[in-house]
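Residue numbers (my numbering), protein chains in the order written: chain R, 1 to 399; chain Y, 1 to 399.
Be a bit skeptical, because a hint or two may be false.
Here are the simulated lysine-lysine pairs, DSSO-like style, with alpha carbons at most 30 Å apart [said to hold, decoys possible]:
hint: 1; chain 1: R; residue 1: K28; chain 2: Y; residue 2: K82
hint: 2; chain 1: R; residue 1: K18; chain 2: Y; residue 2: K59
hint: 3; chain 1: Y; residue 1: K364; chain 2: R; residue 2: K59
hint: 4; chain 1: R; residue 1: K376; chain 2: Y; residue 2: K18
hint: 5; chain 1: R; residue 1: K28; chain 2: R; residue 2: K18
hint: 6; chain 1: R; residue 1: K75; chain 2: Y; residue 2: K75
hint: 7; chain 1: Y; residue 1: K59; chain 2: R; residue 2: K27
hint: 8; chain 1: Y; residue 1: K194; chain 2: R; residue 2: K75
hint: 9; chain 1: R; residue 1: K18; chain 2: Y; residue 2: K376
hint: 10; chain 1: R; residue 1: K158; chain 2: R; residue 2: K18
hint: 11; chain 1: Y; residue 1: K28; chain 2: R; residue 2: K75
hint: 12; chain 1: R; residue 1: K59; chain 2: Y; residue 2: K189
hint: 13; chain 1: Y; residue 1: K194; chain 2: R; residue 2: K28
hint: 14; chain 1: Y; residue 1: K194; chain 2: R; residue 2: K59
hint: 15; chain 1: R; residue 1: K75; chain 2: R; residue 2: K316
hint: 16; chain 1: Y; residue 1: K18; chain 2: R; residue 2: K59
hint: 17; chain 1: R; residue 1: K59; chain 2: Y; residue 2: K82
hint: 18; chain 1: R; residue 1: K27; chain 2: Y; residue 2: K28
hint: 19; chain 1: R; residue 1: K189; chain 2: R; residue 2: K75
hint: 20; chain 1: Y; residue 1: K28; chain 2: R; residue 2: K59
hint: 21; chain 1: Y; residue 1: K376; chain 2: R; residue 2: K82
hint: 22; chain 1: R; residue 1: K59; chain 2: Y; residue 2: K158
hint: 23; chain 1: Y; residue 1: K18; chain 2: R; residue 2: K75
hint: 24; chain 1: R; residue 1: K316; chain 2: R; residue 2: K82
Listing some non-contacts, in silico: residues in chain R with all C-beta distances to chain Y over 10 Å [as the list claims (entries may be wrong)]:
hint: 25; residue: P41
hint: 26; residue: E62
hint: 27; residue: Q81
hint: 28; residue: Q107
hint: 29; residue: D114
hint: 30; residue: M309
hint: 31; residue: E310
hint: 32; residue: R326
hint: 33; residue: E342
Simulated from the structure, these hints should not be mistaken for laboratory data.
Using N, Cα and C, we set each Cβ at its ideal position, and we do this for glycine too.
There are 2 protein chains.
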Amino acid sequence: MPRISQKGRMMPASPIRKLVPFAEQAKKRGIRVFHLNIGQPDIETPEVALRAVRNFSQKVVEYSHSAGIRSYREKLAGYYQKNDIEITADDIIIGAGASEAILFAMQTCMDPGDEIIIPEPFYANYNGFAINAGVRIVPIPSTIESGFALPDISEFEKAISPRTRAIMICNPNNPTGYLYSVHELEVLKEIVLKHDLYLFADEVYREFCYDGLTHHSVMHFEGLDDHVVLIDSVSKRYSACGVRIGAMISRNREVMQTALKFAQARLSPPTFGQVAAEAALDTPDSYFHGVLEEYLARRNVVVESINGMEGAFCPKPSGAFYVVARLPIDDSDRFCQWLLEEFSFEGQTVMLAPATGFYATPGKGLNEVRISYVLKVADLERSMICLREALQVYPGQTF
Amino acid sequence: MPRISQKGRMMPASPIRKLVPFAEQAKKRGIRVFHLNIGQPDIETPEVALRAVRNFSQKVVEYSHSAGIRSYREKLAGYYQKNDIEITADDIIIGAGASEAILFAMQTCMDPGDEIIIPEPFYANYNGFAINAGVRIVPIPSTIESGFALPDISEFEKAISPRTRAIMICNPNNPTGYLYSVHELEVLKEIVLKHDLYLFADEVYREFCYDGLTHHSVMHFEGLDDHVVLIDSVSKRYSACGVRIGAMISRNREVMQTALKFAQARLSPPTFGQVAAEAALDTPDSYFHGVLEEYLARRNVVVESINGMEGAFCPKPSGAFYVVARLPIDDSDRFCQWLLEEFSFEGQTVMLAPATGFYATPGKGLNEVRISYVLKVADLERSMICLREALQVYPGQTF
Chain R
1 MPRISQKGRM MPASPIRKLV PFAEQAKKRG IRVFHLNIGQ PDIETPEVAL
51 RAVRNFSQKV VEYSHSAGIR SYREKLAGYY QKNDIEITAD DIIIGAGASE
101 AILFAMQTCM DPGDEIIIPE PFYANYNGFA INAGVRIVPI PSTIESGFAL
151 PDISEFEKAI SPRTRAIMIC NPNNPTGYLY SVHELEVLKE IVLKHDLYLF
201 ADEVYREFCY DGLTHHSVMH FEGLDDHVVL IDSVSKRYSA CGVRIGAMIS
251 RNREVMQTAL KFAQARLSPP TFGQVAAEAA LDTPDSYFHG VLEEYLARRN
301 VVVESINGME GAFCPKPSGA FYVVARLPID DSDRFCQWLL EEFSFEGQTV
351 MLAPATGFYA TPGKGLNEVR ISYVLKVADL ERSMICLREA LQVYPGQTF
Chain Y
1 MPRISQKGRM MPASPIRKLV PFAEQAKKRG IRVFHLNIGQ PDIETPEVAL
51 RAVRNFSQKV VEYSHSAGIR SYREKLAGYY QKNDIEITAD DIIIGAGASE
101 AILFAMQTCM DPGDEIIIPE PFYANYNGFA INAGVRIVPI PSTIESGFAL
151 PDISEFEKAI SPRTRAIMIC NPNNPTGYLY SVHELEVLKE IVLKHDLYLF
201 ADEVYREFCY DGLTHHSVMH FEGLDDHVVL IDSVSKRYSA CGVRIGAMIS
251 RNREVMQTAL KFAQARLSPP TFGQVAAEAA LDTPDSYFHG VLEEYLARRN
301 VVVESINGME GAFCPKPSGA FYVVARLPID DSDRFCQWLL EEFSFEGQTV
351 MLAPATGFYA TPGKGLNEVR ISYVLKVADL ERSMICLREA LQVYPGQTF
């Protein structure tokens with residue numbers, strides 16, 4: 001029997017999905033499982049997007065342009081201009097989700113063995129993309145005590161080697177919800193220019209900012225045109241994860257011309273998804289107001305509940321719809337599995353994501369979990385009661 | 001300015017698309033361009049598939065399972081069973097087109113520096129996927145004189161090295177249209193078992209067989225379960241290239257478990273495309289009868305026309321909707337560009353794909369072109385008249 005690739009063996013199983021069989025078993029035992037483990041919002045996809053797909057009238061579902069349907073890219077450029085990001089349709093390549101956009105960016109800018117610096121904890125799937133591209137992630141620490149702010153510039157300097165090609169941030173952050181300040185982005189600008197690096201910025205949660213704070217894009221900075229690659233997606237913005245439409249955006253012509261060759265090899269992004277995403281650009285502002293109000297209420301329930309639990313701590317981040325919380329537990333993998341396998345309170349339990357999967361450094365995140373606040377307030381309140389009760393009886397508690 | 005990756009520099013521009021700007025200029029000059037350069041059929045997508053998308057009634061467009069929607073995979077297993085291919089839903093991972101399925105297969109089974117043997121000419125985008133995965137394609141010659149039959153077993157033996165991990169075939173073949181016989185597949189089985197290799201079989205044109213011949217799948221052979229990875233797509237079968245739905249299929253459990261990790265990293269394949277593809281499985285047989293009759297007539301027009309041209313030769317392949325023809329020309333790249341830049345006959349010209357892009361060996365295919373017979377018979381007849389006239393006046397003719 002021929003052997004599996006080294007790369008395939010190295011590829012991590014998704015930290016979010018490895019608990020799925022335990023959740024299924026819990027459900028079979030009649031237990032209601034609150035899913036706080038995954039970033040699949042329950043918010044409805046805007047009607048205007050769904051309607052466009054229902055009204056699809058072409059007779060042949062053809063390949064689109066490899067960079068995406070022209071009219072969509074032009075309209076999308078208008079969306080960015082509204083967000084003070086001056087780009088044109090030619091600066092955009094539409095990908096099958098942010099996932100494909102990140103792969104295009106890595107393959108275009110980095111070779112196997114090259115290094116990318118990412119503050120940890122970070123979105124676990126970056127590991128998969130990095131292994132895919134043969135790229136090595138060099139983590140630098142952001143800490144729960146500082147609310148997961150950008151690590152100090154000295155941490156970047158320490159991590160930079162001759163193989164460093166890029167720095168990657170996610171802003172607002174998944175998994176921490178942290179929203180970077182203008183000052184922090186200026187620090188990044190300085191490092192990137194000093195060491196002639198690429199700056200990959202995953203800004204898929206751009207709209208999800210709270211507490212009166214606004215999002216600052218790395219695209220706003222002058223002098224970074226050759227360095228910045230923006231990663232985007234409509235998945236969260238319009239609660240349309242299944243359309244698989246993202247984008248890789250850069251003002252660096254050579255980067256875009258090279259990325260286009262990767263895009264051409266896979267022919268085109270999904271046509272129906274692009275139709276939905278183009279129409280979604282007409283989503284009324286009122287949709288976002290309602291969504292933000294809802295998420296703010298959800299965040300407050302989670303943060304306040306956790307901070308009310310003995311031995312637990314949760315920062316109050318101003319973005320996205322995640323928090324990373326510290327719990328009085330020995331091992332978050334064990335705890336999250338135990339919640340599904342052995343625990344229930346009044347017939348209910350919660351599914352969380354162990355934070356270990358978001359750290360590259362072994363041993364980190366053992367007493368942290370990521371919570372996606374993607375359920376209605378009433379369900380979140382029930383979830384938090386479950387969590388509080390669970391911490392009282394978990395055998396590996398560390399009060 | 002940070003540098004582009006080595007991989008990005010190596011990545012070939014699509015041989016099919018590099019002529020597009022010349023075609024656009026020709027159209028601006030008022031010339032009608034017959035597109036025989038690309039495998040985008042003009043056949044209508046089955047109504048049953050389009051209707052399913054129009055009737056999409058979910059309120060949230062959610063991620064699907066990373067391997068694809070369960071009900072789709074189960075129904076798809078039924079399609080394969082109808083084709084005497086005994087597989088289950090668990091043997092299938094749905095990809096964003098055959099493109100992603102090929103990438104999954106390469107990444108799962110091969111490491112950077114590993115080699116894959118492919119008879120040339122071959123589908124040009126295999127080059128892109130190979131560079132993407134860091135894999136080296138080792139071409140072995142199939143020749144126009146033999147109609148592009150499978151190379152002799154001695155050619156495979158010569159090409160095998162310690163780094164050889166797989167053999168790849170496309171059956172029926174793009175670009176040659178060649179349909180492999182049972183005997184040829186048996187030869188492949190023998191080599192694959194002898195050297196413990198994977199056999200990747202791209203069978204996306206399975207239904208497109210003519211002259212009373214039927215398609216034999218590598219999945220039909222016993223004893224190859226651990227070796228065979230089937231690549232499939234709905235793009236051509238249902239003329240639905242834009243849905244971006246393909247599949248990677250294998251009975252090798254370890255291969256599928258590993259591939260699933262790559263699939264999980266990119267979350268899920270497109271939901272709308274899967275809805276269309278699942279419904280497309282109900283396409284009535286009459287649709288295919290009509291389509292096959294149409295393609296047969298088209299093939300005959302092209303093959304007979306070319307063989308009637310002085311100094312030209314076209315095999316009569318029994319599958320897909322492509323032929324590779326030999327023309328009395330010095331350089332197919334130059335000729336195809338000249339057709340768009342300098343030639344027209346009665347206000348019309350043709351766009352062909354230079355065969356050089358389908359060969360990995362430099363210098364091969366200089367006097368060959370690939371023709372996709374994806375236009376109506378009347379347009380193909382006009383195209384062939386254009387081609388005949390062009391060969392009379394082309395400055396680089398080699399009569």
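Hints, verified against the model:
1. R:K28 with Y:K82: Answer violated: K28 (chain R) to K82 (chain Y) is near 34 Å, above 30 Å.
2. R:K18 with Y:K59: Distance of about 27 Å is within 30 Å: holds.
3. Y:K364 with R:K59: The given pair, whose Cα atoms are some 38 Å apart, is violated under the 30 Å limit.
4. R:K376 with Y:K18: 51 Å, violated
5. R:K28 with R:K18: 17 Å, holds
6. R:K75 with Y:K75: 38 Å, violated
7. Y:K59 with R:K27: Within the cut-off at roughly 24 Å; holds.
8. Y:K194 with R:K75: With a Cα-Cα distance of about 56 Å, the restraint between K194 (chain Y) and K75 (chain R) is violated, given a limit of 30 Å.
9. R:K18 with Y:K376: Violated - the C-alpha atoms of K376 (chain Y) and K18 (chain R) are around 51 Å apart, more than 30 Å.
10. R:K158 with R:K18: 34 Å, violated
11. Y:K28 with R:K75: 25 Å, holds
12. R:K59 with Y:K189: 41 Å, violated
13. Y:K194 with R:K28: Judged against 30 Å, a Cα distance of about 47 Å means the pair is violated.
14. Y:K194 with R:K59: 48 Å, violated
15. R:K75 with R:K316: 35 Å, violated
16. Y:K18 with R:K59: OK: K18 (chain Y) and K59 (chain R) at ~27 Å, within 30 Å.
17. R:K59 with Y:K82: With a Cα-Cα distance of about 27 Å, the restraint between K59 (chain R) and K82 (chain Y) holds, given a limit of 30 Å.
18. R:K27 with Y:K28: With Cα atoms ~63 Å apart, K27 (chain R) and K28 (chain Y) exceed 30 Å; violated.
19. R:K189 with R:K75: 29 Å, holds
20. Y:K28 with R:K59: The hint holds at about 26 Å.
21. Y:K376 with R:K82: 45 Å, violated
22. R:K59 with Y:K158: Distance of about 48 Å is beyond 30 Å: violated.
23. Y:K18 with R:K75: 26 Å, holds
24. R:K316 with R:K82: Distance of about 28 Å is within 30 Å: holds.
25. P41: 8 Å, violated
26. E62: At roughly 5 Å from the nearest Cβ of chain Y, E62 (chain R) sits no farther out than 10 Å, so the non-interface label is violated.
27. Q81: Per Cβ check, Q81 (chain R) is outside 10 Å of chain Y; nearest 25 Å; holds.
28. Q107: About 6 Å separates Q107 (chain R) from the closest Cβ of chain Y, which leaves it inside 10 Å; violated.
29. D114: Check fails; 8 Å does not lie beyond 10 Å.
30. M309: 30 Å, holds
31. E310: 35 Å, holds
32. R326: Correct as stated: the minimum Cβ-Cβ distance to chain Y is 27 Å, above 10 Å.
33. E342: 26 Å, holds
Comparing the model with each earlier hint shows violations of hints 1, 3, 4, 6, 8, 9, 10, 12, 13, 14, 15, 18, 21, 22, 25, 26, 28, 29; every other hint is respected.
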